[in-house]
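Trainee: Here are the chains, one letter per residue:
There are 2 protein chains.
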Amino acid sequence: MHNLWQVHTDKFINEKESIMRNGNVYQIANGYMGYRGTLDEFGPDELVGITLAGLYDRVGDAWREPVNAPNGGFTEITLDGREISALSTRIKKHHQSLSLGNAVFERETDFESRGKALQIKSTRFLSADEPNLGVIKFSFTCNKAARVRIKTGIDYNIWDLNGPHLLKLTAKKKSGTLLVQSVTGEASKKVTVAEVIDLHFGKQTHEAGGNKNLRVIELDAKANQTYTFYKYFAVVTDNDPVKTSVHEAAIKKVEEAKDSGYDECLSRHNAQWAKRWEHCDVKIEGDDEAQHALRYSIFQLLMVAPVNGSANSIPARALSGQVYKGAIFWDTEMFMFPFFLYTYPEKAVELMRYRIKTLDGARRKAKTEGAGYRGAFYAWESQESGDDACTYFNIGDPFSKRDLRTYFRDKQVHISGDVAIAMWEYFKVTGDDSLLLEGGGEVILECARFYYSYAYFNKDKHRHEILDVVGPDEYHERVNNNAFTSMVAKATFEIANAMVEYLRRRHPDKLKSLVKKMDITGALPVFREMADLLYVPQPDETTGAIEQFDGYFKLKETTVKELKARMIHPNEYLGAGQGLAVPTKVIKQADVVMMLNLFKDRYTEQVKKANWEYYEPRTEHGSSLSACAYAMVAADIGKLDWAYSYFLKTAKIDIEARYKVYVGTIFMGGSHPAANGGAWMTVVFGFGGVKANAERVVINPRLYKEWKSLQFNMFYKGDSFNVKITRNDVTIIADPSNKCNRTFVVSGKSIECVPGKRLFVGYR
Amino acid sequence: MHNLWQVHTDKFINEKESIMRNGNVYQIANGYMGYRGTLDEFGPDELVGITLAGLYDRVGDAWREPVNAPNGGFTEITLDGREISALSTRIKKHHQSLSLGNAVFERETDFESRGKALQIKSTRFLSADEPNLGVIKFSFTCNKAARVRIKTGIDYNIWDLNGPHLLKLTAKKKSGTLLVQSVTGEASKKVTVAEVIDLHFGKQTHEAGGNKNLRVIELDAKANQTYTFYKYFAVVTDNDPVKTSVHEAAIKKVEEAKDSGYDECLSRHNAQWAKRWEHCDVKIEGDDEAQHALRYSIFQLLMVAPVNGSANSIPARALSGQVYKGAIFWDTEMFMFPFFLYTYPEKAVELMRYRIKTLDGARRKAKTEGAGYRGAFYAWESQESGDDACTYFNIGDPFSKRDLRTYFRDKQVHISGDVAIAMWEYFKVTGDDSLLLEGGGEVILECARFYYSYAYFNKDKHRHEILDVVGPDEYHERVNNNAFTSMVAKATFEIANAMVEYLRRRHPDKLKSLVKKMDITGALPVFREMADLLYVPQPDETTGAIEQFDGYFKLKETTVKELKARMIHPNEYLGAGQGLAVPTKVIKQADVVMMLNLFKDRYTEQVKKANWEYYEPRTEHGSSLSACAYAMVAADIGKLDWAYSYFLKTAKIDIEARYKVYVGTIFMGGSHPAANGGAWMTVVFGFGGVKANAERVVINPRLYKEWKSLQFNMFYKGDSFNVKITRNDVTIIADPSNKCNRTFVVSGKSIECVPGKRLFVGYR
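Protein chains in written order, with my numbering: chain W, 317 to 1080; chain R, 317 to 1080.
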């Protein structure tokens, strides 16, 4: 088996498709920026991209998307006047790897050119210690004496999906530092890249032209001698909390890095990564394939977690490019957040602060969508302000060549409840109420207020209903009483009520001022009625099946296969007004099953089983969010083989990079952090059977048969625990630094975990 | 100017399109059946059709549609062994005409064949006195002696859109009568055609074959001698109230007709037509074009009015063929019914009885659509049972070649209110409560109950709302708070309440048993609340504009012309999920303006003007129902030139036959009785300014400037009045047979019309 702490390949396939997919698999990131896994000599045609978190720009009517920075990592080399590149030179050997332990990317390529062999080796990382910083060690060795010219510096030929976003690009050299300065078009935000190198050979000149700001180093290289230099680049923007000007800050950052030196930078970087893994790793004994896929998934999440204090969140394609507008979807709260909540709460806080920061945007959206609502209707595709980046026309129709009207933006109202649920989970699992007091409580109340103004009362049936929505299954738009959405809305009212009760007891003054500020006194009793009388479709008394929405059971019975056979264009969309799936029971992704997972405590095993079996064969899994929901519920009901196969599907999506990269004409390649989060959830919540609430942590192990043990750490109420599950027993070690005893319930047995003590419980 | 009592042409254009259009323009009908305006020798390729009212059949999964009967009017002729036909023989002269006075169709064609001239002349009518009967007089004259063979009888090569509907077709000859017997496929209903002729020349033999049951008459015709024979055919089906077997009844009908003879049959027919015109004609002095178009419109309605006692209604394409499944739409109540109500109430009764007959179908539909409703949800496309013939996929998409999902059937809920309003109008204008007691009251209460179960209460805004509907403007589907629909629903509650009050006062026992039978006691107080709190979009305080539905004002501004320029396929549909009009303000037809017309007493002239001017430029008039609404409101607000031009549009639609005949692959040619009714309404309600309510008849004349006078009859509460409007005054003659004084209000002046007296009122 391969090294479980890296991904690597010994092939370089000179095809666009392979280069694009490797760009995703080998990307590195540090929460501030992502750097696609491309080679040093590559440019925009090979989709080189340094995508910045939280900085967006829009050109004309095109999609608003994150800004890609100039590439400060660019280096190209010529041997005896001939350009050496993986794209054009004969390659004798190539190896590239990405270390999961510290997000270091390495490439080593042996070229042959006119009878000479040149080896290029580079090592690159984005500092986990200094978010603006990228560091590269670049070496080359020729087997014969040769004239070598290196061009290294900043390439500002930028790959953009809907750019160009950076205007007034200017290249400068200030003392030893290369600078590329620019401003974004929409908001005139400065974006500057500085670069310095640490080099001790050759003759250096400066060359600017062709949108590159370069140093040219010429030397007569000796045979078999290895020449090495170090590159430091920094990206600084107006979004950064810098005290000086942006370009001064950038210069300072690269100079300081150079002064510290490569080894010191790497060691600080490694220290950060070591801390992360120490608490976040999950160990699966007896199944290297699962272990590797899971570790890669966790790695992806750790790389893209927002910088502390940034109040940024994680886009649906993380920092792997501009796909999906760099927007934050429900993916974050429902699929990524739990991982951070249990293992890395300081990042969970940032994700929640992002929703607090964008509350005003959610209020604006509520006011302007549909008939105009009150409260907070969070953006379906959220960027820095919380205004919705989602368009009303999302998907290209291959028949008419027009964009199809979809209702993701205006009808996928479960997003607000998803946020409220995550906010409350944060409080329940961490026990930390500061977030509630610093805006989180307001978020919850505004989400409840939104549902109150969105819901209607059915007098004939004496119940509130949530009408005209799109649930997770986006193939059936504008449905009434979608089980998932209604349940999320109901939970939002319950959470609002519980939170008000909590504040009334613990922070009455804060409650008073919040209620006053929000002018919401009268609504509070109504929220109680809403929680009681809001209709959520219930299991059928005979079959146990829950109707996904009003009328779903009356739709046409068909199979996914039969449906796909009826497609007459490979890119035709199955949903929207007229898609093939619309009149049928075929669904895009987990919907009722997603609800059964999210609210697993509220449903019997029989109901979960009935619905899993009903919906599973009718699900296309047209979204990467689907597999983990089916995996978790499968684990919950003891279908462990199914759980395992869906787990591999969710865990290997990025490592195998076999996903679709085009829908219609829309490029959608990139990483899948929600599926990564789903992989972690499937292991810890599914096979581990972990579920924490405000009172206790419940563990009902469902260990997969090939696994000897499963071991992970988790935080609960600020205390740290190591849990090891074997076939017959569970060992829980409460960290000595823990503050309190905590209650764990293992397969029904309640136990107290005392700080510093190890507990051993049999569960068979 | 042409004869104002006929349409005619001196051309025969041997093209499919022209033959099809003339088939519509020259059709005759008698309420029992329609006979397209084709020539004697034509067959199914020329769209010969004898369409039966109220008899439907379905083949497999194809559309259910009315049955076309075998053609008992078929005659072809050969001259010296050569077939003579307008399709193949040289025509020297051709004339055909349709008399509006009595629905008699005549053709006279001079053929030339091998140097001989043959004139064929035929006269045809469907008896207005004996609904099953068709009568033809056929003559020919040759300028030279010639061998002539006539084949006449029954052609059962039937033109069907979605047939064949008639199975087990058998041809017989019994004594002198030809018979074609058959049964429908779906319900095994017998359909029989009998034919006899009255002929006194030649040698007759019988020939059956090629789906024709024929007599062959051979003779040596003398030069310049005219030979004439008479043909009588009868269609009888299991739907007829016959005492004998269907074929015996058919034989009897043709034998009796033959015994009576042609002249007697024609004279009885003419007597019926004379009676109709006596009360139903409208005279426009000074404008022959308007007079002729209006008369043709009235003629169309008179021809297709259901047979007394049949409880049939009038399909959207009347009896001109199988288009639109021969189904009854809201067209009947909203556009045709008023004509009958004011001029021919015995037919208005049949239209209403049809809705009573189909109440159970409407109840079934309510139960099964959407989430399941209570009460009566009338079929959007109604056939004999009231179950909905409308499909969920109605319109072919030229891009994907698939059928588009439309929401006509399940969301066009205004249909129930349209029925309730017509039912109540009948009572208000006739003063006759018998219909209410014989099922009409139940219809009204069931419609109110339906809206009660369909409506939702918006707690946040403290009002009931009608959500998720399609209004008259079918380009914007699934909208909330459509002004037209909500107003119709509100009116339905008001009507239900007024009717309950009326019954309580006048027929308390009937009310008691109705309420008990319907188990509706508790709902009655709720209907009062519904009438009060049901939200109907109101005029904007500044502009006066009423938003057609929630969000309409936020749609994209564009012009009809610009929108059409963006079409990339001539047959692409502008509505449904993805049509070009959907995101724009372009509407298919009058919607808010339709409401302002229907509820003209509730809105100020300023509001009507504001909305007419707002919506008129945004209306495509993609439906033949649109023009008359704009015409009537234009008259109402004094825009008489506009009213006139929209009037001509609605009045001339069938006479000019310029409408579209294909939408996608769907044939939709035929007559437009709703537009015909709209023409009458525009003249009497619009230019005449007539509006009756339960207390009085209001007349606010808006005479068009080119008209010297406008004269019409009307019934009010069973009494008859002749009204003549000139430029300055109104003359009302109350028929001597009237039973009571009736109040008329002419331009604000209230006057009492005493039986037998003439009143003269100036209004300038």
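Rather than coming from a laboratory, the hints here were simulated on the basis of the structure. Among the hints, a few may not be true.
It does not matter which identical chain is meant; a pair holds if it fits inside one copy or across any two.
As the list claims (entries may be wrong) - Cut-off 30 Å, straight-line C-alpha distance, at most; resulting in silico cross-link-like pairs (DSS-like, lysine-lysine):
(1) 1021 / 1040
(2) 717 / 976
(3) 460 / 777
(4) 453 / 872
These numbers come from a predicted model, not from an experiment.
Trainee: A separate judgement is required for each hint: does it hold in the structure or not?
Mentor: Evaluation of the provided hints:
1. 1021 / 1040: So residue 1021 and residue 1040 pass the 30 Å test inside one copy only (15 Å; across, 95 Å).
2. 717 / 976: both (20 Å within a copy, 26 Å between copies)
3. 460 / 777: neither (87 Å within a copy, 84 Å between copies)
4. 453 / 872: Neither. Shortest intra-copy (60 Å) and inter-copy (55 Å) distances fail the 30 Å Cα cut-off.
The structure fails hints 3 and 4 (numbered hints given earlier, in ascending order).
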